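Chains as they are written, first to last, in the numbering used here: chain A, 1 to 333; chain B, 334 to 666.
Simulated from the structure, these hints should not be mistaken for laboratory data.
There may be inaccurate statements among the hints.
To be verified - With a cut-off of at most 30 Å between alpha-carbon atoms, the simulated DSSO-like pairs for lysine-lysine come out as follows:
(1) A:Lys-237 / A:Lys-211
(2) A:Lys-91 / A:Lys-237
(3) A:Lys-294 / B:Lys-621
(4) B:Lys-631 / A:Lys-294
(5) B:Lys-627 / A:Lys-288
(6) B:Lys-631 / B:Lys-621
(7) B:Lys-356 / B:Lys-424
(8) B:Lys-621 / A:Lys-298
(9) B:Lys-627 / A:Lys-294
(10) B:Lys-631 / A:Lys-288
(11) A:Lys-288 / B:Lys-621
(12) B:Lys-544 / B:Lys-570
(13) A:Lys-23 / A:Lys-91
(14) B:Lys-424 / B:Lys-570
(15) A:Lys-288 / A:Lys-298
(16) B:Lys-627 / A:Lys-298
Unchecked claim - Label-pair restraints from in silico Cβ distances:
(17) A:Glu-327 / B:Arg-362: 27 to 35 Å
(18) A:Gly-259 / B:Pro-637: 28 to 36 Å
(19) A:Glu-199 / B:Gln-630: 23 to 31 Å
(20) B:Arg-393 / A:Trp-236: 51 to 59 Å
Since the structure is predicted, the reported quantities are computational estimates derived from the model, not experimental observations.
Every residue, glycine too, gets a C-beta built ideally from N, C-alpha and C.
There are 2 protein chains.
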Amino acid sequence: MRAVARSRTAKRGAYTPSTELAKDVLSGRPIAIARMISRAEDGRAEAASALAELYLQGGRAHIVGITGVPGAGKSTLVSALIRTYADEGHKVGVIAVDPSSPFSGGAILGDRVRMSDAAAAGSAFVRSMATRGHLGGLARSTLRAVDVLDAAGYSPIIIETVGVGQDEVEVVAAAHTIVVLSAPGLGDDIQAIKAGILETADIHAVSKCDKPEASATVSALQGMLALGGSSAGSDWKPPVLPVSSVSGERIGDLRRAIGEHWAHLRRSGELAVRQRNICRTRILGTAKQLFQNKFQQKPEALEPYVRAVTERRMDPSVAARALLGWEEDPWTT
Amino acid sequence: MRAVARSRTAKRGAYTPSTELAKDVLSGRPIAIARMISRAEDGRAEAASALAELYLQGGRAHIVGITGVPGAGKSTLVSALIRTYADEGHKVGVIAVDPSSPFSGGAILGDRVRMSDAAAAGSAFVRSMATRGHLGGLARSTLRAVDVLDAAGYSPIIIETVGVGQDEVEVVAAAHTIVVLSAPGLGDDIQAIKAGILETADIHAVSKCDKPEASATVSALQGMLALGGSSAGSDWKPPVLPVSSVSGERIGDLRRAIGEHWAHLRRSGELAVRQRNICRTRILGTAKQLFQNKFQQKPEALEPYVRAVTERRMDPSVAARALLGWEEDPWTT
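Isolated chain A (complex conformation):
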């Protein structure tokens, strides 16, 4: 598939300007979507205004974040969900941000093949984001990829990530519905790490529900939720759903819960609040990334400050304020 795409590009020869490509994205052409996401990943300046234009055209998709530690069975669950949505006639998009994802490395070839069936039928678009080499940051690239799929009419758009790391947390926070997948029998150490993520869940899924330990995990999560009370300002009660990704058992329950949460968000007015929070976080995150990029691209602008702070002639906060343009002449302080 990739080889075919490459040879086509080679035959055409000419580079399609991103503004042209954006039109093909809006008309839903998968090859244009794939290329536009690649340009977002490469951080090409030429693509910036086209990506901005696509952002303005989007806003209809239901964005679903699915997170869980490696080994929880995330990718298999996502595969099952793709089939469910595709069977219902939805155009489902998946962005996998996970170094262990089969979509990125081919670890589970069987799933990859079934995935391609849905993709070939035109009802699914699956893309993995490499976790290295993003000039504009992994979180930025991933959110841009979601923008592109959104503008192209995909919904739901599933973001699959391991729940650890700043980029992953930022990406999951940009979802309307957050599904946290727990696996029975994972140790307390893992639970401690996940605690922050567990609190953000709109839906809990417990994988491997055919295992006897699964019911203990379900009870533990229910206990945690009972203790925590309901989220401030929401009457949504996060359900705890046992699933088996392998046998496909009870995947329908999860799919229904995702749909119910989306309906709840729209009906209750929580969607507007959540959208605002997502946008606020994204604006600030983008600004911080742009700031960082500036000095990665021009290290010489940073150099005198690094030297002064290293030699204890200047405080790091003074240097930081100067770089932000908040203080005119830091060398006098």
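Chain A is fixed; fit chain B onto it per the hints.
Leaving out everything else, chain B in the frame of chain A:
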């Protein structure tokens, strides 16, 4: 101890200006150190110039980061190291950034008591940073606490953190010597999460070396290091050291390795390179935090941008550039 300090403050009544307090920090008074760290945690603007002054006075301490997942035995190891350093006559400082640390919650009372013995002898200063409620960010507060101890003449200064989360990673990256503690028998899921941290280790410690599984963990780490080759530009070979925090066995080996790494950094010239990298990261991290604080304190300045991005009238990148002051009138784009 805390109660005593409080009643003294109450008797004196007056608030000591931070510039006055800084003088007492420089002369090594523990109560002044504790108060100055609290002011850094509270993000008091009044303390900023005093903290900057203390930064300029520091730069002599050996900063040691000790990281490992909850349950690895980190806090017990740190306790053993404190006693070792105190017995040698060092003024050792500890900043614990770990919600499960006994220094913050009293989970292991025995250690807490032994800790207080060293503290009472004036040779150790132990402080835990709460992981919530830092106006300037946890990483900023922690690095400021290190600055304060450094200016007061403490060395080594040990930063104890769980190795997960952006703040923790940032704090560990600010250490001269990074010790990663692994526990035998922890699952592969944990190992996968830790992979990024393992690569940064200058020294590997394996806890619970009296357990039979420990030697397998030591071999696994040695195998990983053999595969990875040596770090670019360094001829330091990270040792893998079995330790037992409970029996105190082989803590001396770890203490010697920490000293050897410090000697290596100074002798080879790597210290200067590392200091520069630490300062670069700290300047950029501080700038990003200051930027974030500005809009947390003045949400109304952010509001029109949030509304425009939420309503898809403006792209998040355009809003971000405007907030950075890089574009004059975003409303025309």
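Tested hints:
Simply put, Lys-237 of chain A and Lys-211 of chain A have alpha-carbon atoms about 25 Å apart, close enough for the 30 Å limit, and the pair holds. The hinted pair formed by Lys-91 of chain A and Lys-237 of chain A meets the criterion: a straight-line CA distance of about 28 Å does not exceed 30 Å. A C-alpha spacing of about 13 Å is found between Lys-294 of chain A and Lys-621 of chain B, which places the hinted pair at or below 30 Å, so the restraint holds. Proposed proximity of Lys-631 of chain B and Lys-294 of chain A is supported: the alpha carbons are some 25 Å apart, at most 30 Å.
Restraint check: the Cα-Cα separation between Lys-627 of chain B and Lys-288 of chain A comes to about 13 Å, which is no more than 30 Å; the hinted pair holds. At roughly 16 Å between alpha-carbon atoms, Lys-631 of chain B and Lys-621 of chain B fall within 30 Å of each other, so this suggested pair holds. About 18 Å separates the Cα atoms of Lys-356 of chain B and Lys-424 of chain B, which keeps this hinted pair within 30 Å; it holds. Restraint check: the Cα-Cα separation between Lys-621 of chain B and Lys-298 of chain A comes to about 17 Å, which is no more than 30 Å; the hinted pair holds.
Taken as a hint, the Lys-627 of chain B and Lys-294 of chain A pair is honoured in the structure, with Cα atoms around 20 Å apart against an allowance of 30 Å. Proximity of Lys-631 of chain B to Lys-288 of chain A is assessed by CA-CA distance (about 17 Å); at most 30 Å being required, the pair is judged to hold. Between Lys-288 of chain A and Lys-621 of chain B the CA atoms are separated by roughly 6 Å; this keeps the pair inside 30 Å, and the hint holds. Between Lys-544 of chain B and Lys-570 of chain B the CA atoms are separated by roughly 25 Å; this keeps the pair inside 30 Å, and the hint holds.
Proposed proximity of Lys-23 of chain A and Lys-91 of chain A is supported: the alpha carbons are some 18 Å apart, at most 30 Å. Only pairs whose Cα atoms come within 30 Å are accepted, and Lys-424 of chain B paired with Lys-570 of chain B is accepted, the gap being roughly 28 Å. Pair hint Lys-288 of chain A plus Lys-298 of chain A holds up; C-alpha atoms about 16 Å apart against a cutoff of 30 Å. A threshold of 30 Å between alpha carbons decides the hint, and for Lys-627 of chain B with Lys-298 of chain A the separation of about 25 Å falls inside it, so the pair holds.
Against the hinted window of 27 to 35 Å, the Cβ-Cβ separation of Glu-327 of chain A and Arg-362 of chain B comes to about 32 Å, which satisfies the hint. Taking the beta carbon of each, Gly-259 of chain A and Pro-637 of chain B are about 34 Å apart, inside 28 to 36 Å as hinted. Taken as a hint, the range 23 to 31 Å holds for the pair Glu-199 of chain A and Gln-630 of chain B, whose Cβ atoms sit roughly 25 Å apart. Under the hint 51 to 59 Å, the C-beta atoms of Arg-393 of chain B and Trp-236 of chain A, about 54 Å apart, fit the expected range.
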